[in-house]
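S.K.: Since each chain sits alone in its own frame, please combine them into the complex, following the hints.
Protein chains in written order, with the working numbering: chain A, 339 to 698; chain B, 190 to 382.
These are calculated hints, taken from the structure and not from any lab test.
Worth double-checking, as some hints may not be accurate.
To give a feel for the contact side, a few chain B residues facing chain A, derived at Cβ under 10 angstroms [said to hold, decoys possible]: (1) Phe207; (2) Ala208; (3) Tyr211; (4) Arg220; (5) Arg224; (6) Ile228; (7) Met235; (8) His271; (9) Arg272; (10) Arg277; (11) Val282; (12) Ala361.
Ideal placement from N, C-alpha and C gives every residue a C-beta, glycine not left out.
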Amino acid sequence: MDELTLLRSLGKDVVDPSTELLDRGRSALVHHIGSRPAKKSHRGLKRAGWIGGATVVAAGVAAVLVLSNVVGFAGWRGGADAAAAAALSDAAAATIKTSDPVIGQGQFLKVSTQAVSTAQTQDAQGEIAVYSVTQNGQMYIPADHNDEWVWVREPSAVAQTFGPASERAAAAAAVSLRTAPDLIRAAKGAWYNGQPTAWGFNSLPRDPQQLLNYIYRTTVGQGVSPDGQALVFIADTLRTGAVPADLRAALYDAAAGIPGVKITNQAATLDGRTGIAFGRDETDGVRQEIIIDPNTGLMIGERQVLLTANLLPGVPAGESMQWTTVTTTVVDSAPSGGSACGKGGQPFGGAGSGQCRFAN
Amino acid sequence: MTSDSEIVRRSRDQPAAFAEVYDRHAPAVYRYAARRAGIDAADDIMAETFLVAFERREHFDGSYESALPWLLGIATVLIRKHRGAEARVLRAVAASGPPTIVVEDRDDRLDANLAVRGLAGTIRRLPARDRDALLLYAWGDLDYGGVALALGVPVGTVRSRLNRARRVLRQAAGIPPAEKADHGRANVAPITG
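Chain B with its partners taken away, still in its complex shape (with noise of 0.2 angstroms):
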């Protein structure tokens, strides 16, 4: 399969090979969107995502095969602009608990539920740049590489930010300091809190 970065540099002279990117990646920044920002703004949000990555894309860094963490950061700088259906969303969380949520264990629902309800609102006073960098890696899908070409900042800031952003996180939810690495991520580094 072509990859992304081959794609966009083809698209340099053909534009319309720009589609394909679209057709490969517009899904993962509907649904970054839609849990930052809430339905009603993704729609937005993944069309001008595309748009200005069309009218950037002789910026791509081509070093990097997948063209999603490059989408993902210029969808964090216009969910920027719709702060407040972000802090909506996640206002509506605090209050009231997610619409549904979804642990494995159902003995976990009760406290998952309790504990969601303090990470929403602690997340909505995390520092801009320490939100983003959180959600580009726990709903983005994003690894610490991939946040770090997103905000356009060196890895180990990335992990810096997603250290602390954790740590406070941590704290709100009732949650004691993490002894071992997160959980199901084997490809990156471990948390040293």
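Extracted from the complex, chain A is given alone in its bound form (with noise of 0.2 angstroms):
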């Protein structure tokens, strides 16, 4: 045996990335590049296109009917069943009259996430084990978002195992999680000299069938469903913690027009607080969930959940191997310290070029 023969044994072990993570992987990468302006846009002929029979010609002239945030997807399909629009509803009034915490001069915006995902490894044999770990951390976005945020990753822990060989696969994996917390800092919340943080909310619709349309067409392609990913673009969304209370309204009442959205627990349980869980059932056997405080509408957090069972190798039905849970709070200070880099490493190529490089 040589030494590369064996430097490729080492490592064989790992991994395939799980289905969940390529998904996220690519809504981050979709994300992104729909919010790239387009040197050269052909997209209203595209779309046209991908409608296919929906092109017309009349008297030399084309009419092309372009997709839009007033004609779409939303409306016309139905939304979701009687009892979960009506909740739905409800929600959004509440959290209208919850109004958004003031975020005064100097001050920050701190979004506590708890969050649980799933890891995957394969074994030399091709056996595939599942289990989940702990990704918390806070997020402090300052009044004016050109300004400094400071984001607070701890350690990452091993949450949940299923049965010896996910044990042992974590017991395995437990020495590359992050063992330190991590600080970073970066103006305007360019994470990693990356891009900077914009989500866009202003910009959205806030009337609930056009936002819906423009969800639809945003997530056109991705997901098990259109009406499945609508809902997790939704959750997503929610989940940054720094949705407008007029957003968060107008996403409930958006939520409450996809088909096949139904209420799935009237008391649903995650991380200790307890709300109304609003989910879809996809055909590849997990629902999106998002579980509301029908009291202040405010979103207690989301979660994926696995319809069946052993559709991860040792997973029950029931169980979410994937849940985030947020708490907003606007406070004074900021963690000091840190780098935009993280962990001492500073910025290199240019900002905004991905890159980092580290001293030791």
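M.R.: And the structure:
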């Protein structure tokens, strides 16, 4: 055996990315692409091609039907079931009344996130083992988004295992988890010398139907189904913790317009907090849920529930391998220290290059 | 099938086309990142690789059909910022051996376990540029041309970095100098120790 064969054997036991993980990465990319201005846009024509027979030619003038926020998927295919639609509408009304915390000059919106995500390893025999790990952190968003943001990423730990193979995989992987907190500090939230964090909430429509059309257009081609992906988009947006009340209300009303959305649990508990869970069963056996406190209309969190046993090896039906809870408060200060690249790193390759250099 | 370079070129005018590059290569980028920096860091590295690649798509060298060397080159740069994670993975292997080891012959397994532990410590101490070349080759499954493209250096430089790294590894693992070319990779030049 030579040194290369040995080297290749080391690390053969890792891992294929889970489909959830791949989907998340893809959504991030598609979002990013969507947020960049195209140099030359053929988007309108492309969409007309996509809807096929809808192109109308009359008197030598091509009239192209373009999906827009006004004309789209939302509204004419029904919506969430009646109970879910009513509860979402109540939540929207409640959340509008729960006024947003006012962030004064020099203060921060502190978004505390408790999250668990799925990890997966494949051993030499090709057996897949899954377990879950924590991904907790606090983000301090300044009143003026151009100022410095601070992101504390807590140490990561194994959250849950499912049987002996899962325990072994988790124990083996535990060595590569983050063992110390990392503190990242970056103007405009440009973490790791990347692009500024720009959610673009101000430009999203507040009319629920226009918002839902916007969501269908933005997520087209992603996920298991267009309706399922629309709910995922809503969950992802709410999960930022930084959504203003009027947009939050519009997102709830938009969710009420998604066919197949229903109340999945009147009293769902996530990380010790209880609210109404709204979800949609997907054909791949996973249900995306958002959980809302009916009294305040605030989102408690979101989770993905596995609908059948052993969809992931050893994991029983009804288990959630992936969830997030979000709490927001206004604070007077953010932790000091840290850098744009975390752990003492320095950006290089120009601002926004996504590159960092480490002294040692 | 449309080549990667065509897709990247098309994405300059039609940005959405770039998602196809992700669909083709995200798993390979993830596996490479996970082997080097551990699974916790790998998902960030994978996602960031494609964001950076998208921003830098004007710089893609279309003379190479596959986008994978270019993507792994970006991932390599990103892995440097997770150097702590990479060092932890290697330290853990050096201390207690790999979690599982893939060896065809069962009798080889014990020896291999010991040798791998030595190897991990040595990889950690290699100069970064030698380590990058070695791991792009061994774990990224690139050929010499691919490694050269990924690191933006001439092929001759890749060859000398790999020769140097492999010599150090052989010594660390107690393997006598190679007499023949590396195993199972007919498409590359033989090692000239």
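S.K.: Confirm or reject each hint.
M.R.: Okay, the hints, checked on the actual structure:
1. Hint status for Phe207/B relative to chain A: holds, with the closest Cβ pair at about 6 angstroms, below 10 angstroms.
2. Taking 10 angstroms as the C-beta cut-off, the interface hint given for Ala208/B holds, the closest approach to chain A being about 6 angstroms.
3. The interface hint given for Tyr211/B is met, as the beta carbon of that residue sits about 5 angstroms from the closest beta carbon of chain A, less than 10 angstroms.
4. Checking Arg220/B against chain A: minimum C-beta separation of about 6 angstroms stays under 10 angstroms; hint holds.
5. For the restraint placing Arg224/B at the interface with chain A, the shortest Cβ-Cβ distance is roughly 4 angstroms, inside the 10 angstroms limit, so the hint holds.
6. Interface restraint check: Ile228/B against chain A, minimum CB-CB distance 5 angstroms, threshold 10 angstroms, status holds.
7. With its C-beta approaching chain A no nearer than about 5 angstroms, Met235/B sits inside the 10 angstroms limit, and its interface hint holds.
8. Checking His271/B against chain A by beta carbon gives a least distance of about 9 angstroms; that is within 10 angstroms, so the hint holds.
9. The closest approach between the C-beta of Arg272/B and any C-beta of chain A is roughly 5 angstroms, which is under the 10 angstroms cut-off, so the hint is satisfied.
10. Interface hint status for Arg277/B: upheld, as the beta-carbon distance to the closest one in chain A is roughly 6 angstroms, under 10 angstroms.
11. With a cut of 10 angstroms, the hint placing Val282/B at the interface with chain A holds, because the nearest CB-to-CB distance is about 7 angstroms.
12. Because the beta carbon of Ala361/B sits about 8 angstroms from the nearest beta carbon in chain A, less than 10 angstroms, this interface hint is met.
When the structure is compared with the earlier hints, no violation turns up for any of them.
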